[in-house]
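Peer 1: With the hints as extra help, turn the sequences into a complete structure.
Protein chains: 2
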Amino acid sequence: MSETGTQRRTRGGGRAGAAKRRGSAAIEQMPWRLPVNTDRPTEPLTPEGVEAIHDGAMRILEEIGIDFLNPEALEILREAGCKIEGEKVFMGRDFVMEMIAKAPSQFNIAARNPAHDITIGGNHILFGNVSSPPNYFDMEIGKKVSGTREQCQNLLKLTQYFNCIHFAGGYPVEPVDIHASVRHLDVLYDKLTLTDKVMHAYSLGKERVEDVMEMVKIAHGVTEEEFVQSPRMYTNINSTSPLKHDFPMIDGCLRCIRRGQAVVVTPFTLAGAMAPVTMAGAVAQSIAEALCAIALFQYVAPGCACVIGTFTSNVDMKSGAPAFGTPEYMRSTQMTGQMARFYGLPMRSSGVCAANVPDGQAMWETSNSLWAAVQSGTHMVYHAAGWLEGGLIASPEKFIMDCEVLQMIQRYFEPEIVATGPEDIALDAIRSVGSDGHFFGIEHTQKRYATAFYQPFVSDWKNFEAWEASGGVWTAERAHLKFKEILAEFEAPAFDEGRRDELAAFVARRKEEGGAPTDF
Amino acid sequence: MSETGTQRRTRGGGRAGAAKRRGSAAIEQMPWRLPVNTDRPTEPLTPEGVEAIHDGAMRILEEIGIDFLNPEALEILREAGCKIEGEKVFMGRDFVMEMIAKAPSQFNIAARNPAHDITIGGNHILFGNVSSPPNYFDMEIGKKVSGTREQCQNLLKLTQYFNCIHFAGGYPVEPVDIHASVRHLDVLYDKLTLTDKVMHAYSLGKERVEDVMEMVKIAHGVTEEEFVQSPRMYTNINSTSPLKHDFPMIDGCLRCIRRGQAVVVTPFTLAGAMAPVTMAGAVAQSIAEALCAIALFQYVAPGCACVIGTFTSNVDMKSGAPAFGTPEYMRSTQMTGQMARFYGLPMRSSGVCAANVPDGQAMWETSNSLWAAVQSGTHMVYHAAGWLEGGLIASPEKFIMDCEVLQMIQRYFEPEIVATGPEDIALDAIRSVGSDGHFFGIEHTQKRYATAFYQPFVSDWKNFEAWEASGGVWTAERAHLKFKEILAEFEAPAFDEGRRDELAAFVARRKEEGGAPTDF
Numbered sequence: 001m002s003e004t005g006t007q008r009r010t011r012g013g014g015r016a017g018a019a020k021r022r023g024s025a026a027i028e029q030m031p032w033r034l035p036v037n038t039d040r041p042t043e044p045l046t047p048e049g050v051e052a053i054h055d056g057a058m059r060i061l062e063e064i065g066i067d068f069l070n071p072e073a074l075e076i077l078r079e080a081g082c083k084i085e086g087e088k089v090f091m092g093r094d095f096v097m098e099m100i101a102k103a104p105s106q107f108n109i110a111a112r113n114p115a116h117d118i119t120i121g122g123n124h125i126l127f128g129n130v131s132s133p134p135n136y137f138d139m140e141i142g143k144k145v146s147g148t149r150e151q152c153q154n155l156l157k158l159t160q161y162f163n164c165i166h167f168a169g170g171y172p173v174e175p176v177d178i179h180a181s182v183r184h185l186d187v188l189y190d191k192l193t194l195t196d197k198v199m200h201a202y203s204l205g206k207e208r209v210e211d212v213m214e215m216v217k218i219a220h221g222v223t224e225e226e227f228v229q230s231p232r233m234y235t236n237i238n239s240t241s242p243l244k245h246d247f248p249m250i251d252g253c254l255r256c257i258r259r260g261q262a263v264v265v266t267p268f269t270l271a272g273a274m275a276p277v278t279m280a281g282a283v284a285q286s287i288a289e290a291l292c293a294i295a296l297f298q299y300v301a302p303g304c305a306c307v308i309g310t311f312t313s314n315v316d317m318k319s320g321a322p323a324f325g326t327p328e329y330m331r332s333t334q335m336t337g338q339m340a341r342f343y344g345l346p347m348r349s350s351g352v353c354a355a356n357v358p359d360g361q362a363m364w365e366t367s368n369s370l371w372a373a374v375q376s377g378t379h380m381v382y383h384a385a386g387w388l389e390g391g392l393i394a395s396p397e398k399f400i401m402d403c404e405v406l407q408m409i410q411r412y413f414e415p416e417i418v419a420t421g422p423e424d425i426a427l428d429a430i431r432s433v434g435s436d437g438h439f440f441g442i443e444h445t446q447k448r449y450a451t452a453f454y455q456p457f458v459s460d461w462k463n464f465e466a467w468e469a470s471g472g473v474w475t476a477e478r479a480h481l482k483f484k485e486i487l488a489e490f491e492a493p494a495f496d497e498g499r500r501d502e503l504a505a506f507v508a509r510r511k512e513e514g515g516a517p518t519d520f
Numbered sequence: 001m002s003e004t005g006t007q008r009r010t011r012g013g014g015r016a017g018a019a020k021r022r023g024s025a026a027i028e029q030m031p032w033r034l035p036v037n038t039d040r041p042t043e044p045l046t047p048e049g050v051e052a053i054h055d056g057a058m059r060i061l062e063e064i065g066i067d068f069l070n071p072e073a074l075e076i077l078r079e080a081g082c083k084i085e086g087e088k089v090f091m092g093r094d095f096v097m098e099m100i101a102k103a104p105s106q107f108n109i110a111a112r113n114p115a116h117d118i119t120i121g122g123n124h125i126l127f128g129n130v131s132s133p134p135n136y137f138d139m140e141i142g143k144k145v146s147g148t149r150e151q152c153q154n155l156l157k158l159t160q161y162f163n164c165i166h167f168a169g170g171y172p173v174e175p176v177d178i179h180a181s182v183r184h185l186d187v188l189y190d191k192l193t194l195t196d197k198v199m200h201a202y203s204l205g206k207e208r209v210e211d212v213m214e215m216v217k218i219a220h221g222v223t224e225e226e227f228v229q230s231p232r233m234y235t236n237i238n239s240t241s242p243l244k245h246d247f248p249m250i251d252g253c254l255r256c257i258r259r260g261q262a263v264v265v266t267p268f269t270l271a272g273a274m275a276p277v278t279m280a281g282a283v284a285q286s287i288a289e290a291l292c293a294i295a296l297f298q299y300v301a302p303g304c305a306c307v308i309g310t311f312t313s314n315v316d317m318k319s320g321a322p323a324f325g326t327p328e329y330m331r332s333t334q335m336t337g338q339m340a341r342f343y344g345l346p347m348r349s350s351g352v353c354a355a356n357v358p359d360g361q362a363m364w365e366t367s368n369s370l371w372a373a374v375q376s377g378t379h380m381v382y383h384a385a386g387w388l389e390g391g392l393i394a395s396p397e398k399f400i401m402d403c404e405v406l407q408m409i410q411r412y413f414e415p416e417i418v419a420t421g422p423e424d425i426a427l428d429a430i431r432s433v434g435s436d437g438h439f440f441g442i443e444h445t446q447k448r449y450a451t452a453f454y455q456p457f458v459s460d461w462k463n464f465e466a467w468e469a470s471g472g473v474w475t476a477e478r479a480h481l482k483f484k485e486i487l488a489e490f491e492a493p494a495f496d497e498g499r500r501d502e503l504a505a506f507v508a509r510r511k512e513e514g515g516a517p518t519d520f
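Heads up: the protein sequence lines correspond to chains A and B, in order. Going by full-length UniProt numbering, the first residue of the first sequence is number 1, and it counts up by one from there. Going by full-length UniProt numbering, the first residue of the second sequence is number 1, and it counts up by one from there.
For identical chains, the list gives no copy identity; a pair is met inside one copy or between any two copies.
Below are the DSS-like pairs computed for lysine-lysine, each with C-alpha atoms no more than 27 Å apart in a straight line:
#1 K484 with K318
#2 K244 with K88
#3 K318 with K462
#4 K462 with K447
#5 K447 with K244
#6 K102 with K244
#7 K462 with K143
#8 K318 with K447
#9 K143 with K318
#10 K511 with K206
Hints in this document: simulated from the structure, not taken from any laboratory. Every value quoted in this text rests on a predicted model; they were computed, and no experiment measured them.
Peer 2: Quick look at the structure:
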């Protein structure tokens, strides 16, 4: 337990800490750590069930085919021996499995701060911020509004601040007050200066993904030769379910893998809408859509870093609205986890809810999805903090509430909780207290009390009377106050001034050049 | 899947349904069912860890001893060969294990409505209402108030109404407007007339527990000979941790087991207060406190129905306040699950939170505890609906919100979600839709859409704009509205008039006799 002891002593002041911890710190949070998921995964599929979904996915690829709306990909796959009809690609299972076998089951992504490098795969479970909502809600505004750069910056500050957030996802809210042609330049400048965690690029056209790669190179202070050696960023793409890959998504991935960067392929198969109403069918379709892209990438760059994503949920059959954090969502995530292990690929899932405000429903739906991530052996948990309304709203209160849950999951995996050495069984302590005392004051307790238990930062454990006397504040309002306190104390992470200037110059130059086309 | 199909067709109108389903029903809920927990339990302890906790528990019993403040129990245990020093009992592990081996790993408890009989043990996971809070909160009152009979009746109506509540626990709120000497008579009359589910008796003095047994006999319309043959009710006791069993608790259990009724033994070991600060120590102590009572009961009535309970959590080391739904709570529940399987005993845990109001914190803490119940292989989940403030407050809104989560857990265990037959993989459906359609209208979807997915009753899946247009109501307020609707449509379950009159006459007579002493 000595390692854990050492790690816990860094609470409140590790070099990897987001902001400096002071006596006045807004919250006392857990230290940066790459949590290790020690739980045996929950596996609802029998071996025959795994085979059935695998066979279903293979037959989709062999018999039904997937559209690749990308001429370059079609040419490569034709060369690789796949049957092509128009834009439809038919892939044999031998080819798919041969290609998939080249993918690593584990890889690292470097951050500009080496203390924030991450490992994807193995038993790690890592969390990223909410990505890509076009709208924003907070308790002060009290309604849904279009995202702005300032809101995006504030959510990036939370991304950096919380040690339980391991990687930066896409824009935590889409800053629609910045023109789309240059938005990626401004937000990436903000991301690279306000955070020092692992970066993400949208695959929305050549210019965007290549600009991000250049900016990451500058921020890391590396040459092209160094950059291409191992991942320093990643992109995440969605297929256009059913059975279609769009041009820019595949294009962006090809640009990334050819320069050594990582890709996450996440079909969005809502059962009953873009996929069969049966969960096994929705999972099989999702697997097929993901594997054919990963097979392409492995053919182009054998051994490149790929993650298989899942976004299989269901619709509300009364309204057609997407549902999240449902029992069906949990089981499909677990099933996908079994399939990811079958293929030897790292896996991504998400923290999700359909709720519109940071209330009870938001937290039971999100809890369901986060425990499904744990149960499925997920390695990357996207949208783990801040998501509302099926991903259409980002909320700082929800971000902070989610981080409480994420910290509890991190703590849940600390081996000291389940240690059973003689000092843990504590027979001497039990003997000394006997049947007429209590354990508050004894040495066994005193030696351990500071780190024995999870310490919350937004949960209120006071009794009702004390809670009422302190204002009777409900969780979402408490989270809002924490949000304000964190913003007030936030300090941007250290950044080499030369690199920062170079980054600013790059942004200025690219803006002069007009940024990226907006005809996507 | 045919059984599931049949069961699902009973949705909205099974004979076992709580209230009659009509077009105007407040909610469309899932049918009564005894959910089967098909997940492999989460087991944080190695086999050596299990042995270490077992050995710790045995050494507590052998070397440190447990106080039994019950002369009859002391006499029995002396006769059984245990060493007795004053009120302290030392039990050898051979004796404990020999006695524990007599306990059934599974048993039934009959309800007065046979459709609501339950099986404790096996792979069943069953849910009971919140029990014993002295206080009440609802959104209309808006503050914490002392419990009343009317509030208790309303919560009993919810207990009956929701098919996902399988057994009645203790009083869902303590009706302090009824004098303590006759409270059990009035509440049991209410429980037995407003619900037809499995009954509970408090072990708070001879008169109370025996009155309840008489009332259950009357309600079931059985003779004493029939009554003693198998459980028709149960009691739940807590040890007075550390290391003590009080007089009335043991007395009540002895009265129950001698007449064939079931007992649940639940130590309340808050790590850092009444138990060691280390979770393995708190679990070992809890196991020791529970096993010595169960050993006593098995010696007295070999093969009697016993459940081992856990209520191991931790305190907030800053304030001493109890914490619930923490990572430490989850792990100790899982560890206790491993120990319960080691001893071959059915297990009880709880749905718990420290939150004071039905908000986000309430739901993440409760979700954590309910998923821990699933992960631990818990058979009886006490307090599964309606608990706030560490058990000091009952809330109808929280009850209804919790029932949404319980229904999702029930749905989560339906095998159809993870079925992988050809119709589930749905290759023909995928082929027919291809890459340019959607699945809404196709026959494969149409045939299944009515029952394909979990249908919520208090979750709101509308988008923000539609949600706002319908009033922008947060979850707790929506739950309050459902509470009112359910009360308005509630119909008490059928009850033989003769038995009801006999029950009323029993209550009247016992009140004339003065009820039960109140010097407990």
